[in-house]
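Peer 1: Starting from the known structure of chain R, arrange chain L on it as the hints suggest.
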Amino acid sequence: MRRRLGLRAITLGYLLVVLLAPLAMIFYRTFEHGLEPVWAALSDPLTVHAFEVTLIATATTVPLNTVFGVLCALAIVRRRFRGKGLLNAFIDLPLALSPVVVGLALFLLYDRTGWLGPWFMGHGIQVLFALPAIVLATIFVSVPFVAREVIPTLRELGNEQEQAAATLGATRWQRFWRITLPSIRWAVIYGVVLTTARCLGEYGAVAVVSGSIQGKTETATLRVQDYVQVFQTSGAYAVAVVLAALAVAVLVLMTLIKPREEAV
Amino acid sequence: MSIEIRNVSKRFGAFTALDDVSLEIPEGSLTAVLGPSGSGKSTLLRIVAGLERPDSGEVLLSGKDATGLAPQRRDVGFVFQHYAAFKHMTVRDNVAFALTIRKRPKQEIRERVDELLELVQLQGFADRYPSRLSGGQRQRMALARALAAKPRVLLLDEPFGALDARVRAELRDWLRRLHEEVHVTTVFVTHDQEEAMEVADRIAVFDHGRLEQVGAPAELYDAPASEFVLRFVGDAVRLGPRLVRPHEIVLRRWPGDGAVEVEIERIAVLGADARVDLVDGSGERLTARLQRVELEDLDLVRSEIVWASAEPFRRLPPEPSAGDAEAGQALG
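Protein chains in written order, with our numbering: chain R, 1 to 264; chain L, 1001 to 1332.
Don't read these hints as lab results, they were simulated from the structure. Mixed in with the good hints, there may be bad ones.
[As the list claims (entries may be wrong)] Here are the simulated DMTMM-like pairs of lysine to aspartate or glutamate, each with C-alpha atoms no more than 25 Å apart in a straight line:
| hint | chain 1 | residue 1 | chain 2 | residue 2 |
| --- | --- | --- | --- | --- |
| 1 | L | 1106 | R | 156 |
| 2 | R | 216 | R | 226 |
| 3 | L | 1087 | R | 160 |
| 4 | L | 1103 | R | 156 |
| 5 | L | 1150 | R | 156 |
| 6 | L | 1103 | R | 226 |
| 7 | L | 1087 | R | 156 |
| 8 | L | 1150 | R | 162 |
| 9 | L | 1087 | R | 162 |
| 10 | L | 1087 | L | 1065 |
| 11 | R | 84 | R | 162 |
| 12 | L | 1087 | L | 1115 |
| 13 | R | 84 | L | 1052 |
Isolated chain R, as found in the complex (with noise of 0.2 Å):
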């Protein structure tokens, strides 16, 4: 009993400084003064676009994202091809590498001098300092969130009830959308949920590929680093707030879906 109690004062404890503090910390911040000042800097114009660049660019990732995972997954654990464990290994490559080498990556292979910049920029189409390397950027970095958590639900569905699905008179397509999709959506949404806090809270790789331009492609962990630098801070916490406030959002919805992924 002592034992037990021990280990939950160290990892709560742990959990408390390392987590809760700097996040009750910035809550405090932001609101010491009232709401006036928060409502100043969330209502500035430029607040608002920042938000507005990080919705679309999570709104496009999230759903090609979603696709691409669960045909991965389909592909890693249904198929067998040369190259399988090389895909497998790749789909963590965002994860081991820094968003910052992730976003000079990007800025090479499409500036001027990169492999695929001239072409895009001879049909007149600006990647970087501009929304498609954003996009881009936040693909990178958000690609192994729902491949990863639909891989392991599909090992252990197995195969048996899509081959009865077959043997019923179930075309492939039927076989998908009524048997394996139904039975890896936990994971999916999982994944989904997953993928989405990665898009909001990118910070490095956009930094690198967006220019930052005020009004234009900043989005709003960039625009907390604008504050910062201005040392307007009452700005810096107000947008900091919000994404944390979506963080949490994003974890309630988690441990919502967590206990009935285990109940099916």
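Peer 2: Here is chain L on its own, set in the frame of chain R:
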């Protein structure tokens, strides 16, 4: 629908699951595919269903080549050992699946599902999820589901293998009766010879990916085509140079032509039958099955020396005489 399997072979890496198998399954029959694990029997069933593709050979359904046909176009019902229940659907939706994807009218589906649930005695369970059914109930649900679209062939892969003995016996009877009612060509895979003998009207015995023998249960028992079949279908004991059925052993108090001198180790009375454990001069143990009447007539006692012979003789493996050698090759 009749099934014809022609020279089918299938390998998984270095393992040969099926080696040049040819087998005909007549329309309306109830056939057991019997063999030990790894004998290729499940692979054969999965090839008939289209879930595996043979490396060579052909599968004909109703006389038409179906070798490359996708499973969903074969019109077969398949029952898996571990039920393969659709866990996210109720029993009703599971059973209705084949009809739902065929976009049949709702009313028709409802009626057909009710009819099937009655057939498998799951009327009260329509709205439950499979996780809340017992193993036997799940397997009955899987059977109803497989029958829903009126398949022309019903294939069952060790359907009772995961169930306990009592439920298994129940479902065997039930499958037998179902076949009498529905009369769909049925093939079931099993490793349990008793189950095969009890349920099927034809048995195909497999070993190491090869078809050893096919015939009626009594045929396999009385005239096994190989030592493997003799040992696998029913009990077999070695008497001198021969393999015989325990009930074919006759004990006498005097030596005779081909009789083996044995000592009685133990006598156990089992109702109408008795089991006599014997040991021969070389220390080999064997068991004879005698009727109580015989035992009492002979008035045998323990440690007594008697002479055992087998009637009728089954000499297996065949002696390498000209005629037998030919028969042996035909068995391959």
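Peer 1: If a hint holds in the structure, say so; if it doesn't, say that too.
Peer 2: Tested hints:
no.	hint	in the structure
1	L:1106 to R:156	33 Å, violated
2	R:216 to R:226	13 Å, holds
3	L:1087 to R:160	12 Å, holds
4	L:1103 to R:156	30 Å, violated
5	L:1150 to R:156	31 Å, violated
6	L:1103 to R:226	58 Å, violated
7	L:1087 to R:156	13 Å, holds
8	L:1150 to R:162	20 Å, holds
9	L:1087 to R:162	12 Å, holds
10	L:1087 to L:1065	34 Å, violated
11	R:84 to R:162	22 Å, holds
12	L:1087 to L:1115	22 Å, holds
13	R:84 to L:1052	22 Å, holds
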